[in-house]
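Visitor: Mind docking chain B on chain A? Use the hints.
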Amino acid sequence: MAVFGPTRRSSNPRFAGLICGFLLVFVVFVFAASASRDAVAGNNETLRNDSHHQTNSTAHKKAFPVLSFNYDHVRKPFEISLWILLALLMKLGFHIIPTVSNVVPESCLLIFVGLLVGGFIKAIGEEAPILDSKLFFLYLLPPIILDAGYFLPIRAFTENMGTILVFAVVGTLWNAFFIGGTMYGVCQIRGAELASVDLLSCLLFGSIISAVDPVAVLAVFEEIHINELLHILVFGESLLNDAVTVVLYHLFEEFSHAGTVTLVDALLGVVCFFVVSLGGILVGAIYGLLGAFTSRFTSHTRVIEPLFVFLYSYMAYLSAEVFHLSGIMSLIACGVMMRPYVEANISHKSYTTVKYFLKMWSSVSETLIFIFLGVSTVAGPHAWNWTFVISTVILCLVSRVLGVLGLTYIINKFRIVKLTPKDQFIVAYGGLRGAIAFSLGFLLTNSKMKYMFLTAIITVIFFTVYVQGMTIRPLVELLAVKRKKENKGSINEEIHTQFLDHLLTGIECICGHYGHHHWKDKLNRFNKTYVKKWLIAGERSTEPQLISFYNKMEMKQAMMLVESGNAAKLPTIVSSVSMQNIQPRGPARRRAIPSISKSREEEIRKILRGNLQKTRQRLRSYSRHDLLIDPFEDNVSEVRFRRQRVEMERRMSHYLTVPANRQETTPVRKVCFEPEHQVYTYDDSESPRGPTVQPNPIPPDAVSLLSESPQRPNQSGAQRTKVPDEQEEQDQLKLSRCLSDPGPNKEEEGDGSFRS
Amino acid sequence: MGALQSSPGQHEYSDLAEKTGFSFRQIGVLHTRFKQLSHNEETLRRDHFNEIPDLACNPIRAQIVEAFFDRRNFRENGEGTVQEIGFEEFLVVMSHFRPPSLHMTQEQRESVRREKLRFLFNMHDTDNDGTITLEEYRHLVEELLSLSETLEKNTAKSIADAAMLEVASISMGHMEPDEFYEGITFEHFLKLLNGFEIESRMNIRFLRMDTTTLCK
Numbered sequence: 001m002a003v004f005g006p007t008r009r010s011s012n013p014r015f016a017g018l019i020c021g022f023l024l025v026f027v028v029f030v031f032a033a034s035a036s037r038d039a040v041a042g043n044n045e046t047l048r049n050d051s052h053h054q055t056n057s058t059a060h061k062k063a064f065p066v067l068s069f070n071y072d073h074v075r076k077p078f079e080i081s082l083w084i085l086l087a088l089l090m091k092l093g094f095h096i097i098p099t100v101s102n103v104v105p106e107s108c109l110l111i112f113v114g115l116l117v118g119g120f121i122k123a124i125g126e127e128a129p130i131l132d133s134k135l136f137f138l139y140l141l142p143p144i145i146l147d148a149g150y151f152l153p154i155r156a157f158t159e160n161m162g163t164i165l166v167f168a169v170v171g172t173l174w175n176a177f178f179i180g181g182t183m184y185g186v187c188q189i190r191g192a193e194l195a196s197v198d199l200l201s202c203l204l205f206g207s208i209i210s211a212v213d214p215v216a217v218l219a220v221f222e223e224i225h226i227n228e229l230l231h232i233l234v235f236g237e238s239l240l241n242d243a244v245t246v247v248l249y250h251l252f253e254e255f256s257h258a259g260t261v262t263l264v265d266a267l268l269g270v271v272c273f274f275v276v277s278l279g280g281i282l283v284g285a286i287y288g289l290l291g292a293f294t295s296r297f298t299s300h301t302r303v304i305e306p307l308f309v310f311l312y313s314y315m316a317y318l319s320a321e322v323f324h325l326s327g328i329m330s331l332i333a334c335g336v337m338m339r340p341y342v343e344a345n346i347s348h349k350s351y352t353t354v355k356y357f358l359k360m361w362s363s364v365s366e367t368l369i370f371i372f373l374g375v376s377t378v379a380g381p382h383a384w385n386w387t388f389v390i391s392t393v394i395l396c397l398v399s400r401v402l403g404v405l406g407l408t409y410i411i412n413k414f415r416i417v418k419l420t421p422k423d424q425f426i427v428a429y430g431g432l433r434g435a436i437a438f439s440l441g442f443l444l445t446n447s448k449m450k451y452m453f454l455t456a457i458i459t460v461i462f463f464t465v466y467v468q469g470m471t472i473r474p475l476v477e478l479l480a481v482k483r484k485k486e487n488k489g490s491i492n493e494e495i496h497t498q499f500l501d502h503l504l505t506g507i508e509c510i511c512g513h514y515g516h517h518h519w520k521d522k523l524n525r526f527n528k529t530y531v532k533k534w535l536i537a538g539e540r541s542t543e544p545q546l547i548s549f550y551n552k553m554e555m556k557q558a559m560m561l562v563e564s565g566n567a568a569k570l571p572t573i574v575s576s577v578s579m580q581n582i583q584p585r586g587p588a589r590r591r592a593i594p595s596i597s598k599s600r601e602e603e604i605r606k607i608l609r610g611n612l613q614k615t616r617q618r619l620r621s622y623s624r625h626d627l628l629i630d631p632f633e634d635n636v637s638e639v640r641f642r643r644q645r646v647e648m649e650r651r652m653s654h655y656l657t658v659p660a661n662r663q664e665t666t667p668v669r670k671v672c673f674e675p676e677h678q679v680y681t682y683d684d685s686e687s688p689r690g691p692t693v694q695p696n697p698i699p700p701d702a703v704s705l706l707s708e709s710p711q712r713p714n715q716s717g718a719q720r721t722k723v724p725d726e727q728e729e730q731d732q733l734k735l736s737r738c739l740s741d742p743g744p745n746k747e748e749e750g751d752g753s754f755r756s
Numbered sequence: 001m002g003a004l005q006s007s008p009g010q011h012e013y014s015d016l017a018e019k020t021g022f023s024f025r026q027i028g029v030l031h032t033r034f035k036q037l038s039h040n041e042e043t044l045r046r047d048h049f050n051e052i053p054d055l056a057c058n059p060i061r062a063q064i065v066e067a068f069f070d071r072r073n074f075r076e077n078g079e080g081t082v083q084e085i086g087f088e089e090f091l092v093v094m095s096h097f098r099p100p101s102l103h104m105t106q107e108q109r110e111s112v113r114r115e116k117l118r119f120l121f122n123m124h125d126t127d128n129d130g131t132i133t134l135e136e137y138r139h140l141v142e143e144l145l146s147l148s149e150t151l152e153k154n155t156a157k158s159i160a161d162a163a164m165l166e167v168a169s170i171s172m173g174h175m176e177p178d179e180f181y182e183g184i185t186f187e188h189f190l191k192l193l194n195g196f197e198i199e200s201r202m203n204i205r206f207l208r209m210d211t212t213t214l215c216k
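Protein chains in written order, with this note's numbering: chain A, 1 to 756; chain B, 1 to 216.
Just chain A, with the same shape it has in the complex (with noise of 0.2 angstroms):
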């Protein structure tokens, strides 16, 4: 995240510092706003009383007020805008100081200024906020966990599911019972004042500690990049164990008042527990389906599809809330069923924006939620009692510790890659605690206890956020973790994992059994022939998944390469590699068009020309903290941009035509341009395109992959000789396709832009 802030900014200290000090002032004087709200409402209710009074009593008539000041009715409002600002602010800060953010991560931070901010405003004499629970469980949670189900990585997700299944449930219930009942023997120790706990109680606090936090995992693993693998099963098992914990949470809630549980609340407590899972995932899954089917018909309003997207898994996971379901997992559901199909119907430009708002929302969520923490921390009512807390922190550890150990044991016995040592360690290491824990603890109505167990609870949080948090970087570095590779959407990776795929379910098949593969593939075909055609709308139901993949990437190229004014800023390959080095030397070098379907070209053709008639276009790659700076940004200026729009506005025009039944090539990365000159003495029997088809006795025109120096397929004649002037300045601009445009008009240019 913060790895790229100091390549771009000025690493200025005086800079950093003026910055600094502007935040400090403005924090301070932000919260002395609202902090004399109360004393100004005060006035102001006896202002107008006295006005009201004086209009009453006597009748003359008071001067019409020019400026008045009225807070109250903007309050809550402004003062929430005020915090989401605030922490806004905190996080920019961040990335301005890079030193700081490289080495501690920005939970800790996060936190950090809450307990600032809390200790100013109790400072000042207010009442500082807490994390109220509804808030946090309503509105700043579905967010977080939204995002993260939405771009689940299925693949890795479906791999690894029981062994995230295990850990998750078995794991928790491990954490839970042994904490609880290690607890209750601690409060047995005479002289720690803490005989009062029993054995209920303690349970329920096992309950509530021992979960892991899907928050505090993803805003801790996200800036490590480790590998898949690992990633998946530690943030699979904090999502997956939501259920567990609710059952257990409301299970003991409801019997600690009871004071005993029978053998006939336990059964009931597993069947709760099958029951809140699968009918959370269910719920999920239904409103997904709906969510897939809605966006079937959205082509004719595309600016509200990604609305459907987020209101859909909003009621997912409200409808999950009433009956007490998962609330965390029908999200998950819900985003996990919807994505494929719905991703299929959207435009281009709606999925930019579902992508853009769930990140949005996620990060400032995440955000408030830490500063929250903080905030909670220095106001909340405290109970500490060292041994208990003390206690708990250890318990915490060791209970993670032994359980991943023996529950890998177990599981290495039934996985064909085992888990490693290594694996094991981060595993475990990454079993943070976080909000969700806190707002759990802050739900209990006991109070006689509740204020230990919260204080308990804030300490674990903060130990597992810093010290945990701050140390598993080094420690991966240390011990050299695998890392996530980078994802460069190789075709031929997709193109050998599909065939994987298949190569693996053969097998399966010769060696007569039914296994992993052979279902993912039964399921494959399932959703191909029933379910793609009814969510799905159009032609894409039918398009297989090589093909779409291929398309996106196409289209990402594409973009690219038009938004780029620079070639040699391009992140690519750069290679002189391309067409004419890989096709078989003929006599008559003919290359297939591929025929993309008719919308498709739509598509591109307007992404293309959308492009064209921007001034500036900005391509930003996405992570949850860090929005890559667009390396072209710098160097393309505004003179310089503009004058290649220009030409390459003429150009397109002149030289993109429809493959429909020519045998003109476009393959892929290939670029497609002439010198200038040539096109305004544009001669049929010279140019391969003309309206009259014909096997083309010239090798068709220059093609390279992104090259400086694009060649000449055939020198022939003087004109050929001007040529290498004009290359270096068409150097700059390159078109991935040769496609149709007419141009922003849609008039034929009179220099002879061809359209077949």
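Keep in mind the hints are simulated off the structure, nothing from the lab. Where a beta carbon is used, it is the ideal one built from N, C-alpha and C, also for glycine. Be careful, since some hints might not be right.
As the list claims (entries may be wrong) - Mimicking PhoX-like on lysine-lysine, the simulated pairs with C-alpha atoms at most 20 angstroms apart in a straight line are:
no.	chain 1	residue 1	chain 2	residue 2
1	A	K355	A	K552
2	A	K349	A	K552
3	B	K191	A	K484
4	A	K485	B	K191
5	A	K482	B	K191
6	A	K418	A	K359
7	A	K134	A	K532
8	A	K422	A	K482
9	A	K552	B	K153
10	A	K422	A	K484
11	A	K522	A	K532
12	A	K134	A	K76
Claimed, not checked - A short, non-exhaustive set of chain B residues, derived as facing chain A with CB atoms under 7 angstroms:
no.	residue
13	R33
14	I52
15	N58
16	V92
17	S95
18	M104
19	L145
20	A163
21	E166
22	G195
23	N203
24	I204
25	R205
Guide: Chain B alone, transformed into the frame defined by chain A:
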């Protein structure tokens, strides 16, 4: 080693186990399957494979079956194809899909990777000339897309072209316009799929219990 129920030829198994790395039980299960597929004959032929119903809907069925009869996969440095195979060859081909064991040195892991990638390479290189040409690659993509009803030959071609271009860019870097990229050699193939982690992906679970009644 291990408690084998009445399995004949246990001394044979130890040879095979050493050669392929399977355990005795796994070999026993696979032997049962072999006999089931070959109708209790000694050798398997291509039409035996074609009788498996579940295999019929697999788009790359032909290549898979061919792989069993390809002598390059028998680990004897042979070449060409055979018409029928015995149990030993069957087992050797299957052993390419065995998962790597937990405790392996880096070199062992590397050699397992090479072996699996070699198997894939042999599957693509149908004419045995040591390179995967553009035609062969196109054929591969067409096969993969053959299940889709709306197959357009040109799309398959352009995908294959794109893939080939990528390989060439990665392997060769810079090429003069009149140079010709002959095809993907094994070294290029290795380089291409470097980040693919094939040793953890190209595995299936070999059971130690007999479940052959389920799938014909």
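Visitor: Work down the list of hints and note, for each, if the structure agrees.
Guide: These are the hints, each one checked on the structure:
{"no.": "1", "hint": "A:K355 to A:K552", "verdict": "15 angstroms, holds"}
{"no.": "2", "hint": "A:K349 to A:K552", "verdict": "13 angstroms, holds"}
{"no.": "3", "hint": "B:K191 to A:K484", "verdict": "18 angstroms, holds"}
{"no.": "4", "hint": "A:K485 to B:K191", "verdict": "15 angstroms, holds"}
{"no.": "5", "hint": "A:K482 to B:K191", "verdict": "19 angstroms, holds"}
{"no.": "6", "hint": "A:K418 to A:K359", "verdict": "33 angstroms, violated"}
{"no.": "7", "hint": "A:K134 to A:K532", "verdict": "38 angstroms, violated"}
{"no.": "8", "hint": "A:K422 to A:K482", "verdict": "10 angstroms, holds"}
{"no.": "9", "hint": "A:K552 to B:K153", "verdict": "19 angstroms, holds"}
{"no.": "10", "hint": "A:K422 to A:K484", "verdict": "16 angstroms, holds"}
{"no.": "11", "hint": "A:K522 to A:K532", "verdict": "14 angstroms, holds"}
{"no.": "12", "hint": "A:K134 to A:K76", "verdict": "16 angstroms, holds"}
{"no.": "13", "hint": "R33", "verdict": "5 angstroms, holds"}
{"no.": "14", "hint": "I52", "verdict": "6 angstroms, holds"}
{"no.": "15", "hint": "N58", "verdict": "5 angstroms, holds"}
{"no.": "16", "hint": "V92", "verdict": "14 angstroms, violated"}
{"no.": "17", "hint": "S95", "verdict": "11 angstroms, violated"}
{"no.": "18", "hint": "M104", "verdict": "11 angstroms, violated"}
{"no.": "19", "hint": "L145", "verdict": "6 angstroms, holds"}
{"no.": "20", "hint": "A163", "verdict": "5 angstroms, holds"}
{"no.": "21", "hint": "E166", "verdict": "6 angstroms, holds"}
{"no.": "22", "hint": "G195", "verdict": "5 angstroms, holds"}
{"no.": "23", "hint": "N203", "verdict": "5 angstroms, holds"}
{"no.": "24", "hint": "I204", "verdict": "6 angstroms, holds"}
{"no.": "25", "hint": "R205", "verdict": "6 angstroms, holds"}
Going down the numbered hints, you'll see the structure goes against 6, 7, 16, 17 and 18, while the others check out.
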